[in-house]
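2 protein chains.
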Amino acid sequence: MATPLPLDPPTRVLMGPGPSDVAPSVLRALAAPTVGHLDPYFLNVMDDVRAMLRDVLRTGNAVTIPMSGTGSAGMETCFVNLLEPGDAVLVGVNGVFGTRMCEVARRCGAKVTAVEVPWGRAFDVDQFRKAADGKQYRLVCVVHAETSTGVLQNLTGFRGLADELGALLLVDAVTSLGGVAVEMDEWGIDAIYSGTQKCLSCPPGLSPVSLSACTTKVLQNRRSPVQSWYLDLSLIGQYWGTERVYHHTAPINMLYALHESLRLVLSEGLKARHRRHRVHAEALWAGLEAMGLKLPVADGERLAPLTVVEVPEGVNEATVRKHLLDVYNLEIGGGLGPMKGKVWRIGLMGHSSTARNVTLCLSALSSALRAQGYQPADDPLSAAEHVLASCGE
Amino acid sequence: MATPLPLDPPTRVLMGPGPSDVAPSVLRALAAPTVGHLDPYFLNVMDDVRAMLRDVLRTGNAVTIPMSGTGSAGMETCFVNLLEPGDAVLVGVNGVFGTRMCEVARRCGAKVTAVEVPWGRAFDVDQFRKAADGKQYRLVCVVHAETSTGVLQNLTGFRGLADELGALLLVDAVTSLGGVAVEMDEWGIDAIYSGTQKCLSCPPGLSPVSLSACTTKVLQNRRSPVQSWYLDLSLIGQYWGTERVYHHTAPINMLYALHESLRLVLSEGLKARHRRHRVHAEALWAGLEAMGLKLPVADGERLAPLTVVEVPEGVNEATVRKHLLDVYNLEIGGGLGPMKGKVWRIGLMGHSSTARNVTLCLSALSSALRAQGYQPADDPLSAAEHVLASCGE
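Chains as they are written, first to last, in my numbering: chain F, 1 to 393; chain V, 1001 to 1393.
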């Protein structure tokens, strides 16, 4: 083949389910000169990253590590390290990522009990209790923010349930971390994983993982080796710990970028950041509803960083997305699995969560819908602006 | 903790065992605006990357994919996809990475037969044949370039051996790809993995993997699911193939960087690039030997991109490395495993393989050794320059 020309990617506005827009200072950090993975300078970067991750996760856990893979690698890290063949796990399934948890757990040889509620709904902890059927489990697994449905799961009561079942509490915080409150220690979460490309607004490629002291003990007492060498936390911990034992070559430049994105999160402050996500989401919701569009998730269970919207009757969802991308350089997401073709997913995550993007998205969507003959009921912009103004923006 | 200041990494010269120096245009590509992982622009980037990877690997294999993890993830990808519990594998062990192959294969439930020769030596194919003991195997595994010892393995005869044993031929090309000839199709390699941070001079974080058509069939006929969901090529292939089925969020910006680094490799031309690595390595070897230092690997088995040098009697190897880093911003590597403290590893990989770096390294090493009371026997620079001049540089 002829050698391709150098890349010159378009500057999109990323309002899909991730990646989100990356701040210029994060892109600059990504392009900083590569140093060696055992360079004293880099060891300091690692220490900083770990300390900042602990602050963002609100935990004091010693084992707090950005894994060298995307969010799904973080999920797999938790399962392969904490499960042994024959272990029983209880998994909440109300979307793609709960389903994926079951699949990954089965590949570890676990006996999986799925707790199911319809996609688009959150769980009541009693639904888990009932499905547990009085048995003991190794893990209780729950998705905090279901990226496929836009549902935020209230985690109150899950620590108590895990205690009743003799289980560790594992939480998927891929789409929540940095966008809504995650209180790892206060909520008694034993193991958590996240991704960098959602509300942390770092490019995709790393997955923060943290384990409680209690979980670390389970890892130390395993009867069999962890089935994945690449994701074995007992080995990786020796590189991230004081020993600095070589395991694999860390993705240096990606960790520079994570360093800068965590810096931005902490400089803004977690509370201010969560409030920003909430205010812009409410403005978006008001605008979408003003247009006559339906938000299938109930208000109390709605995830601020990612909004699911039903595609109106007679509108082709892919055509609308193509219109937004071609005309406005604006990306929103389509539905996953059984929701494919039926919904859009609009992200307001991290650096993408701005009043400007709310306005842009509502205007562009309005225009794309009109092009397909759908007439918005009311003016979305004044509805959104009303919310923003009432929040002092 | 107080939020750290923004990063400002030093500009090192990277002459360790990887990462190598990254070209400015690759760093610029890394920092290009992030787009979505299903963006039509990005799908073209993926197609280009795959086509260029095939050219660099000298293969027409359909399944040719940069995995979303470092070289060790590529190793694990090959083993988890190709092995099922109880399978017999034959692994050449003459350094850290052959040892790691055994460990990863065992974690897949395989029965591992190790073929051992002393560290620092290459194999004769008959040593594999003898160790095979007339039995049949699923995989014959060999490291093309042992990063821990600086040994290049001649792969002639391994295809024939694999055929005798009913096996697939798996090759670790982490430190060879882009620096010395790798002829995947011509040499009959069934499965190969590499890393981006060695002779491709892209930052660490991706691992190119390629499987022959025959290997793909083995994957399709598995009796059990691949134990890793994250590395399951039957799923990942659907994203990299024409179906574009979502599996995990690809590390967008890292793939921009790989695109640019593959472009640079192909623009230079493989033959010219291999020659460049060879010429600079020979100049380095001449200079090191002029100083009276010993190269433990025999000339015919020596790896051009990575040279192992014995630490002279009475010299503290870590002090020398610290001197090079502190005074010259120059990184070279220490020994791994049983060679720790006894050798240095000097890389001339990809963008780091320049005449200027040969000169810098020899001068700096000379100075650091003198500081410890070691007197170089002869002038290393004129020895190196003689080689360069005789090669027209």
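These are computed hints drawn from the structure, not numbers from a lab. Keep in mind that a hint or two might mislead.
Just so you have them, the derived chain F footprint on chain V, three or more residues with Cβ under 8 Å [to be verified]: (1) 1019–1032; (2) 1046–1054; (3) 1097–1108; (4) 1174–1184; (5) 1196–1207; (6) 1273–1285.
Capping the alpha-carbon separation at 25 Å, the derived lysine to any residue pairs in SDA-like fashion look like this [said to hold, decoys possible]: (7) V:Lys1322 to F:Leu266; (8) V:Lys1342 to F:Val245; (9) V:Lys1322 to F:Met46.
Derived contacts from chain F toward chain V, CB cut-off under 8 Å, selection only [said to hold, decoys possible]: (10) Met1; (11) Ala29; (12) Pro33; (13) Asp55; (14) Ser267; (15) Leu360.
Each residue gets a CB set at the ideal place from its N, CA and C atoms; glycine is no exception.
These are the hints, each one checked on the structure:
{"no.": "1", "hint": "1019–1032", "result": "holds (count 10)"}
{"no.": "2", "hint": "1046–1054", "result": "holds (count 3)"}
{"no.": "3", "hint": "1097–1108", "result": "holds (count 6)"}
{"no.": "4", "hint": "1174–1184", "result": "violated (count 0)"}
{"no.": "5", "hint": "1196–1207", "result": "holds (count 4)"}
{"no.": "6", "hint": "1273–1285", "result": "violated (count 0)"}
{"no.": "7", "hint": "V:Lys1322 to F:Leu266", "result": "violated (34 Å)"}
{"no.": "8", "hint": "V:Lys1342 to F:Val245", "result": "holds (17 Å)"}
{"no.": "9", "hint": "V:Lys1322 to F:Met46", "result": "holds (20 Å)"}
{"no.": "10", "hint": "Met1", "result": "holds (5 Å)"}
{"no.": "11", "hint": "Ala29", "result": "holds (6 Å)"}
{"no.": "12", "hint": "Pro33", "result": "holds (5 Å)"}
{"no.": "13", "hint": "Asp55", "result": "holds (6 Å)"}
{"no.": "14", "hint": "Ser267", "result": "holds (6 Å)"}
{"no.": "15", "hint": "Leu360", "result": "violated (16 Å)"}
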